[in-house]
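> Here's the letter readout for the chains.
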Amino acid sequence: MAELVKLMSAITRRDDERNPRSSILNPRSYWRSLEELAEAEEFQELLHREFPENATEWNDPVGRRRFLKLMGASLALAGLTACTRQPTEYIAPYARQPEDLVPGKPVYFATAMPLDGFATGLVVESHEGRPTKIEGNKDHPASLGATDVFSQASVLGLYDPDRSKALSYLGDIDIKPWSAFLGAIQPALLAQRALAGQKPLRYGLRILTGTVTSPTLAYQIKTLLATLPTAKWHQYDPVGRDNAREGSRLAFGQYVNTIYRFDKADVILSLDSDFLSCGPANLRYARDFANRRRLSNEKHEMNRLYVVESTVTNTGSVADHRLAALPSRIGAFAQAVASGFVPGFEMSFRLEKPLSPEEQKWAQTVAAELQKYHASSIVIAGDSQPPMVHALAHAMNQALGNVGSTVFYTDPVEANPENGTDSLRQLVSDMNAGQVDMLLILGGNPVYNAPADLDFASAIRKVPLRIHLSLYKDETSELCQWHIPEAHYLESWSDTRGYDGTASIIQPLIAPLYSGKTAHEVLAAFLNEPERSSYDIVRDYWKKRFDVGGQEPAGKSAPPQVGGLTQKSTAPPQPVPSASSPQSAVGFEQFWRRSLHDGFLANTAFQPKTLTLRSDWSASLSNAQSPTANPQLEIVFRADPTIHDGEFSNNGWLQELPKPLSKLTWDNAAIVSPATAASLGLGKNVNGLATNPFSRIGGEIIADQVELRYQGRKVIAPVFIQPGQPDSVVTVHLGYGRTSAGRIGENAGFNAYAIRTSDAPWFGSGLEVVKTGGTYSLATTQSHHLIDAEAAGERDVVRSGTLEEFKKRPSLAPERVEEESQPKQSLYPGFRHEGYAWGMSIDLSSCIGCTACVVACVAENNIAVVGKEQVARSREMHWLRVDAYYKGGEINPKTYFQPVPCQQCENAPCEVVCPVAATAHSAEGLNDMTYNRCVGTRYCSNNCPYKVRRFNFLLYQDFYTASLKMMRNPDVSVRSRGVMEKCTYCVQRIQKAKIDAEKEDRLVRDGEITPACAQACPTEAIVFGDINDPESRVSKLKRQERNYSLVGELNTKPRTTYLAAVRNPNAELEV
Amino acid sequence: MQDRVQDSVSDSTITPPSVVGAGQTFASVTDKISSIALARRTPMGWFLGAGVSFLLTMLLMYTIGYLVLTGIGIWGNNIPVGWAFDIINFVWWIGIGHAGTLISAILLLLRQQWRTSINRFAEAMTLFAVACAGLFPLLHTGRPWLAYWLFPYPSTMGVWPQFRSPLIWDVFAVSTYATVSALFWFVGLIPDLATLRDRARRKAAKIIYGMLAMGWRGSARHWHRYETAYLLLAGLATPLVVSVHTVVSFDFAVGIIPGWHTTVFPPYFVAGAIYSGFAMVMTLAIPLRKFYGLQDFITMRHLRNMAKIMLATGLIVGYGYMIETFTAWYSANTYEEFMMKNRMTGPYASVYWSLILCNILIPQILWWKKARGNVALLFVVSIVVNVGMWLERFVIIVTSLHRDFLPSSWAMYNPTFWDFSMFVGTIGLFLSLLFLFIRFLPMISIFEMRTILPQAEVHEAAD
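These protein sequence lines are chains A and B, in that order.
If you're matching positions, the first sequence starts at 1 in my numbering and goes up one per residue.
If you're matching positions, the second sequence starts at 10001 in my numbering and goes up one per residue.
The hints are simulated quantities; they were obtained by calculation from the structure and are not laboratory data.
A hint or two may mislead.
List of simulated lysine to any residue pairs, SDA-like, C-alpha gap at most 20 Å [as the list claims (entries may be wrong)]: (1) B:Lys10308 - B:Gly10320; (2) A:Lys609 - A:Arg249; (3) A:Lys714 - A:Ile697; (4) A:Lys1053 - B:Val10254; (5) A:Lys684 - A:Ile697; (6) B:Lys10341 - A:Arg795; (7) A:Lys1053 - A:Pro829; (8) B:Lys10341 - A:Val686; (9) A:Lys609 - A:Phe252; (10) B:Lys10341 - B:Glu10324; (11) A:Lys992 - A:Leu101; (12) B:Lys10341 - A:Asn687; (13) A:Lys714 - A:Gln632; (14) B:Lys10341 - A:Glu794; (15) B:Lys10206 - B:Ser10034.
To give an idea of the interface, some chain B residues facing chain A are shown, with a C-beta separation under 8 Å as derived from the structure [claimed, not checked]: (16) Leu10139; (17) Thr10141; (18) Ala10147; (19) Leu10167; (20) Ala10253; (21) Val10264; (22) Pro10266; (23) Pro10267; (24) Thr10334; (25) Asp10404; (26) Leu10406; (27) Ser10408; (28) Trp10410; (29) Ala10411.
Each residue gets a CB set at the ideal place from its N, CA and C atoms; glycine is no exception.
Use the sequences and the hints to build the structure in full.
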C-alpha cells in the first residue's frame, strides 16, 4: 500500500508544468489528466495522510462536496486511499466463447430511454459488454431510427465518474450494505402499518416520482398503496405536461392523450408549440413533418407551417410563417383564429389592447387556410400554453374535421395522469403540516427544481425519514438521510411507454457499475420482497399480464384516493397479442424474447377513441384567462435545449453542445430581443442595434448581468441578445445553477427555478430587469452579430428560396453564381475515382437544427470535451457543427440551419499544404487524416475554407478516468495533444461494411453505411452513399436541381453537397 | 569631418570618398577593434545590457518548457486563427536576417566598399535572427518532438515529407539559409580570429581563438584560398537573399485564404525583409558606434546609405500594399473585397492603420537629406519600421484568417501572456547572442577595414 501511494505520488510529480488556471477547485474547467488534477494540494495531502484532513469537514455540506470531488478523482486512486484489501478474485478467459460475442465485433440490443416518463426506442451498440453508442430503433414509433441529443449523450451519463457510487446514510461514505437500508426502513414501515387502523386515516408515507408510464412501476406503487393504506403517491415533473392534460379535461372532461399525424397534414398552426424538438413524440413528428415537405425535381408540394411563439425555438425557425408574440397574447391570438370557424365560438373577451392589424391579418389568413385544408390540417398548442389554449386547439381540430385524420385521441399514456403541480403542492402542504412521516423520492430532484413558492427544501426537513433514489448525490440527496444510488437506464430492467402508448421493456446493457438500484427494487423493499431483482419484477409483471390476456393484472386494487390525485378510470383491455392462446410458459417466453428483441411490445399502442367536446367547454375560457394589458416585461421559462430540466447538467457532451439558436455552451442566459435590450440599455450598440458584446478572444461574449425580479424573488443572470425573440419577453432556460451536480454541472449558469412559481410555471408578466453593472463571460461557438447581410449575403453559403421561386428556377442559385458555375478549366486531366466514391447530401429544407447529429458524432468518434474556457477561445472539438444563419431584419428573421461536417473535397486545399502527408486522399475520395503522422502545424486548418478541422491545442482527452475508458468506441483512435482531427464520414463504419461485403463477394449496398450524424437525424436530412452508383439515394439527391456545393467557386469539388432550403410562405402574408 | 564624406561615386577618375574617419592607420584600426574583444575590463554597460537580455532569455526558456509540457494551447491561437504570433515572429525574424546577407553578399559582389564596416555585425545579426526565427516553426507545431519528420530522411516508416507543401520548401530554404549564413560569417572571421590569437595575452583566449582561427598564418596561399572561398560563398548567398523570403511568402501565397492568395507576395515579401533588415542594422549600429566610439568606422555615410535603401524598399512595400488593395477591388471577388474592407474597417483596423503609419508614412521623412543626417531621428525611424514590419505580418496572418469564407466560423484572436513572453524571450536571446558577440569577437572586420584605409589605396596604386 505504502509503495503504491509512493508510486502514485511519483507519477503525479512527473509533470510539473501545468496550466495554473485549471484546477479541480474550479469545477467548470475540465481537467485533462489525473496528474493535473492530482496537483491540487488537497489531493496530494489526501494521498499522504492516513486520516485526511478534510474528513472533519464531513458534516458541512459544502466541504463535503469538495471532499467528494477530490475523492472521486478516479476509481483507481480512490480505491488506493481506502485502506481495504482487494478480495482475491480469479479471472479466467472464455473457455468457450459465448455465441455472438466475437471480440472486436459489436453486438446490438434494443432498449428504451425514458425522458420525463416517455420512451424513445433505442438500439445500443455494445463492445465486449460495454455499451458505447446509442442508436434509434427503426421499428419503434417514437424513434423510427432517430435519436435526440439526450439519448445520444446518455452513454456518457452511464460512465460519468461523478455518479453516486454508494448507498449512504447522512452522507456517510462508509459503504453501507443494502441490508442496512432494509433494516432501517423496517421499523418505519411497521409504524406505518400500525397507523393504518386509525381514523381518520393519515397518509404517513409519501412516494414522489416523476411522471410514471412504466406499467410495472405503476403496478408496484398501486400494490403498495393497497397494502399500506397510509401511503400516497405524488408525481411531479418540472417540465411536465400539466397544461396539455388539463386542456384535454377542459375540452373533453377527461384526461386524454393527443397524437398528431404530421405526415398527413398540409397546414399546421403551432400555438407556441415546439413540437419538432420538445415533447414525447418530437422525433416522430419531425420525421413526419419533414417527409411531408420533402421536395424533389418531380414533387413540388410542401406543407405549410405557421408558428406563433413566445420565444425562439427550432420549430419557429423552420416555419414558413412565424409570428413572435407575447406569451400571454397567444391565447387571444388563438381565439381570434378560432372565432373564424369554430361553431358557436366567439371572442370571449374584449382585449384591452386589440390585436395589431398585422396579427389580425395573420389570424384571418391562417383561419382561411386551415378551413381550406379541411381534415388535413393540424392546430397544436404548446405545453407551456395554458389549458384554455389547448382546449381551443382541440375545438379547432374538431371543427376542421381533423380528428380521425390528422389528430387522434387515446387514453393517457401516463399510468396515473394527474396535475403534477397540484400534486406537489399537496405534498408540500402535508409536509409542512407535519403529516408526512416518511418520504420516498424515486428519481427526480425536487429540492432543486420544485416551484420556488412551495419552498420544498424547508418542507422536506419536516419529514422525519427521507429516502432519495437518484443517479447523483444532488441537492435533494443532501437533504435526505438515505441516499440510494440509482441504476442508470442502461443498467436497469424496467419498462416504459412511448407517446402513443407503445410499451417497451428496458433491458440492461451492463451490470450496474456502482451497485445502483432501480426504482423497482426499492419499491420491492417496501413490499417486503427486498431480494427481488428488477428483472424478476418486470418479467413477472408481464408474465402475469400475459397470463390474463394482456390486461392490467388484478393484484390488490388500490383504494380510491382523495385529495389532489385523480383516480384513473378503469383502463380498457390493452391487448398483448399472441397471448390470447392458451397461456403457456413457452408462449410467454416467445413473447418476452420477441419483445426484448424488437425493443417494444407489439400492438401495445393505444387505440384511438372518439370523444366529443364538452358542451360548456368555451364557457370556461373567459375564466381561464383574463387579458392583461401589462406594459411590463414577461418572462418565459423553458426546458434547456441541451441539459433539459437539469437532469443532464453533469453531462459534458450536452453542456458543450451549442444550444440550437444561441450557440451558447456551458451556460443559460436571459434571452431578450435586440429592441428590448436597447430599451434596457443592455448589450453593445452597433449602428442603433443592440448586439452581444464579444470580447477579443474567440467566441466569448462579455454579457451584461441583470437581476431578474419576479414575484418577489430574484436571480442574477447574464443577458443574451437573440434575433427573433419577441420584444418585452425574457426567456430563461431551466436546469442550470446547480449547487450539487458533479464537476461539470456545478456553478454553470444561473438557477431559473429560483424565480419559477407554481401558479405560473411557464410564463408570466410583471418581470423587472435591473442592470447590475456587472458582466459575465458566455462562451459561444458562433458569433451571430457578424452574420449581417452585407458580409454574408453575397456569399453563396445558404441557398434558399420560396416554393414559388423553386418552381420557377429550381437551382435557387444567386445569378452571380450561376454565371460563374461554368465547368472549371484546368491544365490537368480530371481524376476519375473508380470503385466506391463516397458522398453526402444534406437537405437544408429538412434540417430543423436539433443538433442530435453533433452529439452522435461526439459519441461515435470519441470527441473530447474541452470546457468553457476553451470554447470561449474557439477551440471546441466538434467535427460537425450546425450553423445558424439569419435572413431579414433582426426583429423576425428567417432562420436557416446548416450542418457542416468535413466537405471531403476532391481538390482538398488541406492536403497539398500538409508538410508530412498526414492528411491524404483515399482512393474512395475520402480526405483521410493520419493522426500518428500529424505533427500539428495547423496549416491544413488555415487553408480549409470550411474551417471544419479541429486541433488538440492541449491534452483535451481524459486518458485516465477508468469509467471513461470503457465508454470509448474501440474502432476510433483517441487523439492526444497536438494533432489535428476531423470528420471522416465515419470511416470505421465504411470499413466495416466493406469487409462484410467483401466476405460475401458483393458490393456494399446503398444504405448499408450510415454515418453517425445521418443515423441520428430525425428528419433524414443527411444522406450518405456511393456517388459512383447512379441508383444510390445520394446520387439521386445530388442530381436534384437544388444541389449545390458550399463555396463551390473555389473549385474544391466537395463530396458533401447541400440541397437549397425551400420555404413555402403564403403569398397573402408576404409583404 | 563628416561633411567631407561624399555619398556616392559619380566619376571614376576621382578618388572614391573615404568610408573611414581621417587619421586612422593600420595599427590604430587593429588596436581599436581588437581591444574591444580582448580588453580585460568589461564595461558596466555591457553587464547591464547582457544581464537584461539574459533574463529575457530565461523567460524564453521558461516559456518553451511550459509550452512543450502543456501544448500550444497556452497561446491564443484557435480555430480559425491557427497561426498567429508564432508565424508572425518567424517571418519577422527571418526578414530581419535578410539585411545581413544582402550587405555581406550582394554589396560585396557589387564592390560597395562602404559595406565593410557594417558587414560583420550585420552577418552576426542575420545568424542570430535566423536562430530566433527557427525556434518558431519548430515550437509552433503541436508535437515539436516530431518536427524532424519535416526533413527528408530515410525513415523506417518509408514515408517522405509531402513535397508540395510550402512548409517543406520553408524547411529547405531556412536550413540552407542558416547554413550558408553561418559559413559565410565564420569564414569571414578567420583572419580576424588569427589576429586576436596573436594579440591575446591570456592563455585560454589564445587557445580558443587559436582553435577557431584554424591555423591561419596569413600566407599568400591562405589569402588566395580565402578570397576564392569567400567569393564563392557570396555567390551562393546572393540568391538566398531573394529566395528565402520568396519561399516564406509562398506559405501564404499558396494558401487559398483571401489576403494570402496573392501573386505579389514574393517580391513584396523580399522588399519587406530587406526593409526590416536594414532597419534592424540601423537600430543596432547607432548605439554600437556611440558606446564603443566607432564613429570613424561606422560613419554617417553608412547611415545615410542605409536610410536610402530603407526608403527604396519601403516604397516597394508600399507598392505591394497598394496592389493588394487594387486587386481586391479589381477582382470583384466578394471574399477579396470583404477581406480588404475588414482589414481597413474591421476589428483589427487599428493594427492596419498603425502599419500604414509605421511602414509608409513615417519613413517618408527620409526623403529629406537633413533627416538622413540626424542620427537620433534615424534611430527612431528604424525602430518604427521594425514595429511596422511586425504589424504587417500580423495583418497578413491574423486578419486574413479570422474572417475567411464562412461567416459561421469567424472568430477573434487575442494573444496571451505566453505569446508575448515567447516573442520578448526571442528578443532576449537575440540580444544575448549579440552581446556575447561584441564582447568576444571583432564586431567589425579588422582586415577588411585595413584594406579600405587610404594607405591601402596608395599601396595598391604603387603595386
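> Please go over all the hints and tell whether each is borne out by the structure.
Hints versus structure:
1. B:Lys10308 - B:Gly10320: holds (19 Å)
2. A:Lys609 - A:Arg249: holds (15 Å)
3. A:Lys714 - A:Ile697: Not satisfied, since the Cα-Cα distance of roughly 31 Å exceeds 20 Å.
4. A:Lys1053 - B:Val10254: The given pair, whose Cα atoms are some 18 Å apart, holds under the 20 Å limit.
5. A:Lys684 - A:Ile697: Roughly 17 Å separates the two Cα atoms, so the pair holds.
6. B:Lys10341 - A:Arg795: Cα-Cα ~15 Å, so holds.
7. A:Lys1053 - A:Pro829: Cα-Cα ~15 Å, so holds.
8. B:Lys10341 - A:Val686: Given pair Lys10341 (chain B), Val686 (chain A) holds - Cα atoms ~17 Å apart, limit 20 Å.
9. A:Lys609 - A:Phe252: The given pair, whose Cα atoms are some 12 Å apart, holds under the 20 Å limit.
10. B:Lys10341 - B:Glu10324: holds (12 Å)
11. A:Lys992 - A:Leu101: Holds. Lys992 (chain A) to Leu101 (chain A) sits at ~16 Å (cutoff 20 Å).
12. B:Lys10341 - A:Asn687: holds (17 Å)
13. A:Lys714 - A:Gln632: OK: Lys714 (chain A) and Gln632 (chain A) at ~16 Å, within 20 Å.
14. B:Lys10341 - A:Glu794: Status holds; Cα separation ~14 Å.
15. B:Lys10206 - B:Ser10034: Distance ~13 Å between Lys10206 (chain B) and Ser10034 (chain B) Cα, so the pair holds.
16. Leu10139: With a closest approach of 11 Å, the Leu10139 (chain B) hint is violated.
17. Thr10141: holds (5 Å)
18. Ala10147: Holds, about 6 Å.
19. Leu10167: holds (4 Å)
20. Ala10253: With a closest approach of 12 Å, the Ala10253 (chain B) hint is violated.
21. Val10264: Hint on Val10264 (chain B): violated, closest Cβ of chain A at ~19 Å, above 8 Å.
22. Pro10266: violated (17 Å)
23. Pro10267: Where the cut-off is 8 Å and the nearest Cβ of chain A is about 22 Å from Pro10267 (chain B), the hint is violated.
24. Thr10334: Holds - the Cβ of Thr10334 (chain B) comes within 8 Å of chain A, reaching about 5 Å at its closest.
25. Asp10404: Because about 7 Å separates Asp10404 (chain B) from the closest Cβ in chain A, which is inside the 8 Å limit, the hint holds.
26. Leu10406: holds (6 Å)
27. Ser10408: holds (4 Å)
28. Trp10410: holds (5 Å)
29. Ala10411: holds (4 Å)
Hint compliance for this structure: hints 3, 16, 20, 21, 22 and 23 are broken, all remaining hints hold.
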